[in-house]
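**Q** Sequence:
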Amino acid sequence: MYITKYFITHKLPSGRNILVNTLTGSVDFVPSHVIGQMEKEKFTETDGLEEIMLRKKGYLFDSPGEERKQIDAFYRKEEEESGQKPYVFVFCLTYACNLRCFYCFEDDYHQTESVLTEDDMDKITGFMERLIGENPDRPFRVVLEGGEPFLEHREEILEDFFKKMNGLAARYRGFCGVTVFTNGENTLSYLEMMKRYAGIIERVLITLAGPAKVHNLYRVSVSGKGNYEKAVTATSVLLQNGIRVHTVLNLDKNNIHCLPEISDELYRCGWNEKENYLGCYVSSIKYFDSKYAGDALSEYAVWKAILDFAGRGELDEGLFHLGDMKYLKSVDRLIRCGRPRFHNCAAADGKQYLFGPDGLIYNCTKVTANKEYSVGGYRGEAGAELEEEKVKWWKTGTGQGSGPCGDCKYAFICGGKCRYEEDRLGFRPEVCQGNMENLCRLYLDHLETGNCPVPQDIIYDN
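Sequential numbering of the sequence shown, starting at 5, is according to the numbering used here.
Among the hints, erroneous ones may be present.
In silico BS3-like cross-links for lysine-lysine, where the CA-CA straight-line distance does not exceed 30 Å [what the hints assert, rightly or not]:
(1) K73 with K217
(2) K44 with K9
(3) K217 with K370
(4) K89 with K61
(5) K81 with K396
(6) K308 with K394
(7) K370 with K394
(8) K168 with K229
(9) K290 with K399
(10) K413 with K396
(11) K199 with K127
(12) K278 with K167
(13) K61 with K44
(14) K89 with K413
(15) K295 with K168
(16) K60 with K413
(17) K278 with K295
(18) K375 with K330
(19) K73 with K89
(20) K375 with K73
(21) K295 with K229
(22) K127 with K168
(23) K199 with K257
(24) K15 with K89
(25) K308 with K370
(26) K413 with K9
(27) K330 with K278
(28) K89 with K217
(29) K60 with K44
(30) K413 with K290
(31) K217 with K290
(32) K44 with K15
(33) K15 with K308
(34) K127 with K394
(35) K73 with K46
(36) K396 with K370
(37) K217 with K168
(38) K330 with K229
(39) K370 with K290
(40) K81 with K295
Quick caveat, the hints were computed from the structure, so don't treat them as lab data.
Please construct the entire structure, taking both the sequences and the accompanying hints into account.
**A** Printed below as a string of structure tokens:
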């Protein structure tokens, strides 16, 4: 008899014991003696019905090979279904930016004036249509970002971008719209253009890092002035003009204490009363530099802070959108739908492509402008082309029951290690496993009460 390694035991707030299969998502109430034997990995005392149940739910097998067959079956199903997942095409209009945020992963590239051209747009859209193929229903999303896309003197190229996206929307029923990331500094200069193309703009995301006194330490213009007032004004004006807006709340260990003030500020601005205000999209600042890595927050720490503040009545939990918390989404996807994850992110499963103004193609937004991480280019005579070996490098980080993640009981929740984080900071299993365990247990506690969010993503497929 073989006991799976993909399980956790947990005692709910009510005192009931549950057994959770972290491969199948099965959650089962079991007697304490079963919990004890599973934890000791020595199953000796059971009646026939208990053994039948545990085998049926994927806790017991005749051999490791039998379990491997189940994993392979899940993997084949995931690969078959991946053909229906939306592509995400990211247009990085320019690396130039009018802010100098100290935590920006593109900081070294903001001085460049390179920008996408109309010829670039033609080649990129041609590449998109090749991938989409002849299926007009194949879903895909488009993201416009930078640097900062709404700098001065970008009227012609932005007009060309929106016209081309309008054309794709007319030809492909699977077109899901354009998501725009902007800092609000010069955004309103393009208000009339955005109003003209509001039909294809799914949402605009404008970043905050806290109330004014905190935000202005994190997000500073080239002139040295804080960006808070312009970000708030841009959000208000866009909402007044019927454009859908998310506030992106960038958090680390030094500003998470400001969550209640942010909640109050959203009410003060009256955004919560607008139907087209989509909430505060919570995002942990991603630090891939060892110098700042200690300031990064795990998803567990962020969600726990939100729940704690809400429990004390210090913020409105409903204002905060958790769609950027990919591991929480993965826990939810496994428990609710029984769907294990075999890829860590869209970069690893080949569904995301970012086009930089340097003529290169990337598949992870966090490596933008780092040429050594590119996976191809689009300015050659043949148009956009991918380098298969580089694409393959990203996929080797997936959790398919082998490699460094193979023995981790959470491998099929997170999908394996982040390839870029491993390359920059080294593989740290104690960090990722601690976050996953705490996140799972917090999720299970709140699932019992029925007070558990379903964190739907806004860009990627759950």
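**Q** Each hint needs a verdict: does it hold in this structure or not?
**A** Going through the hints against the structure:
1. Only pairs whose Cα atoms come within 30 Å are accepted, and K73 paired with K217 is rejected, the gap being roughly 56 Å.
2. Simply put, K44 and K9 have alpha-carbon atoms about 11 Å apart, close enough for the 30 Å limit, and the pair holds.
3. Restraint check: the Cα-Cα separation between K217 and K370 comes to about 27 Å, which is no more than 30 Å; the hinted pair holds.
4. Under the criterion of a C-alpha separation no larger than 30 Å, the hint pairing K89 with K61 is consistent with the structure, at around 28 Å.
5. Restraint check: the Cα-Cα separation between K81 and K396 comes to about 20 Å, which is no more than 30 Å; the hinted pair holds.
6. The suggested pairing of K308 with K394 is violated, with an alpha-carbon distance near 37 Å, which exceeds 30 Å.
7. The straight-line distance between the Cα atoms of K370 and K394 is roughly 16 Å, inside the 30 Å bound, and the hint therefore holds.
8. Only pairs whose Cα atoms come within 30 Å are accepted, and K168 paired with K229 is rejected, the gap being roughly 35 Å.
9. Distance restraint check for K290 and K399: the Cα-Cα separation of roughly 21 Å lies within the 30 Å cut-off, and the hinted pair is therefore satisfied.
10. Proximity of K413 to K396 is assessed by CA-CA distance (about 25 Å); at most 30 Å being required, the pair is judged to hold.
11. Restraint check for K199 and K127: the C-alpha separation of about 27 Å stays at or below 30 Å, so the hint holds.
12. At most 30 Å may separate the alpha-carbon atoms for a hinted pair to count; K278 and K167 meet this at roughly 28 Å.
13. Restraint check for K61 and K44: the C-alpha separation of about 19 Å stays at or below 30 Å, so the hint holds.
14. Distance check on the hinted pair: K89 and K413 sit about 26 Å apart at the alpha-carbon level, within 30 Å; holds.
15. Distance restraint check for K295 and K168: the Cα-Cα separation of roughly 42 Å exceeds the 30 Å cut-off, and the hinted pair is therefore not satisfied.
16. For the given pair, K60 sits about 19 Å from K413 by alpha-carbon distance, which is consistent with the 30 Å threshold.
17. Distance hint between K278 and K295 is unfulfilled; the C-alpha atoms sit about 41 Å from each other, more than 30 Å.
18. For the hint pairing K375 with K330, the CA-to-CA distance comes to about 26 Å; that is within 30 Å, so the pair holds.
19. Distance hint between K73 and K89 is fulfilled; the C-alpha atoms sit about 25 Å from each other, no more than 30 Å.
20. Distance restraint check for K375 and K73: the Cα-Cα separation of roughly 39 Å exceeds the 30 Å cut-off, and the hinted pair is therefore not satisfied.
21. Annotation: proposed proximity of K295 to K229 holds, straight-line Cα distance about 25 Å (limit 30 Å).
22. For the proposed pair K127 and K168, the alpha carbon gap of about 11 Å is at most 30 Å, so the pair holds.
23. With a CA separation close to 37 Å, the supplied pair K199 and K257 exceeds the 30 Å bound.
24. Taken as a hint, the K15 and K89 pair is broken in the structure, with Cα atoms around 36 Å apart against an allowance of 30 Å.
25. Taken as a hint, the K308 and K370 pair is honoured in the structure, with Cα atoms around 25 Å apart against an allowance of 30 Å.
26. For the suggested pair K413 and K9, the alpha carbons sit about 6 Å apart, so the restraint of at most 30 Å is met.
27. For the suggested pair K330 and K278, the alpha carbons sit about 27 Å apart, so the restraint of at most 30 Å is met.
28. Distance check on the hinted pair: K89 and K217 sit about 41 Å apart at the alpha-carbon level, beyond 30 Å; violated.
29. Restraint check: the Cα-Cα separation between K60 and K44 comes to about 21 Å, which is no more than 30 Å; the hinted pair holds.
30. For the hint pairing K413 with K290, the CA-to-CA distance comes to about 25 Å; that is within 30 Å, so the pair holds.
31. Proximity of K217 to K290 is assessed by CA-CA distance (about 22 Å); at most 30 Å being required, the pair is judged to hold.
32. Pair hint K44 plus K15 holds up; C-alpha atoms about 16 Å apart against a cutoff of 30 Å.
33. For the suggested pair K15 and K308, the alpha carbons sit about 18 Å apart, so the restraint of at most 30 Å is met.
34. The straight-line distance between the Cα atoms of K127 and K394 is roughly 21 Å, inside the 30 Å bound, and the hint therefore holds.
35. Distance hint between K73 and K46 is fulfilled; the C-alpha atoms sit about 22 Å from each other, no more than 30 Å.
36. Only pairs whose Cα atoms come within 30 Å are accepted, and K396 paired with K370 is accepted, the gap being roughly 18 Å.
37. Among the hinted pairs, K217 with K168 is inconsistent with the structure: their alpha-carbon atoms are about 40 Å apart, more than 30 Å.
38. For the proposed pair K330 and K229, the alpha carbon gap of about 33 Å is over 30 Å, so the pair is violated.
39. Restraint check for K370 and K290: satisfied, since their Cα atoms lie roughly 8 Å apart, inside the 30 Å limit.
40. Distance hint between K81 and K295 is unfulfilled; the C-alpha atoms sit about 41 Å from each other, more than 30 Å.
In the structure shown, a violation is registered for the earlier hints numbered 1, 6, 8, 15, 17, 20, 23, 24, 28, 37, 38, 40, in ascending order.
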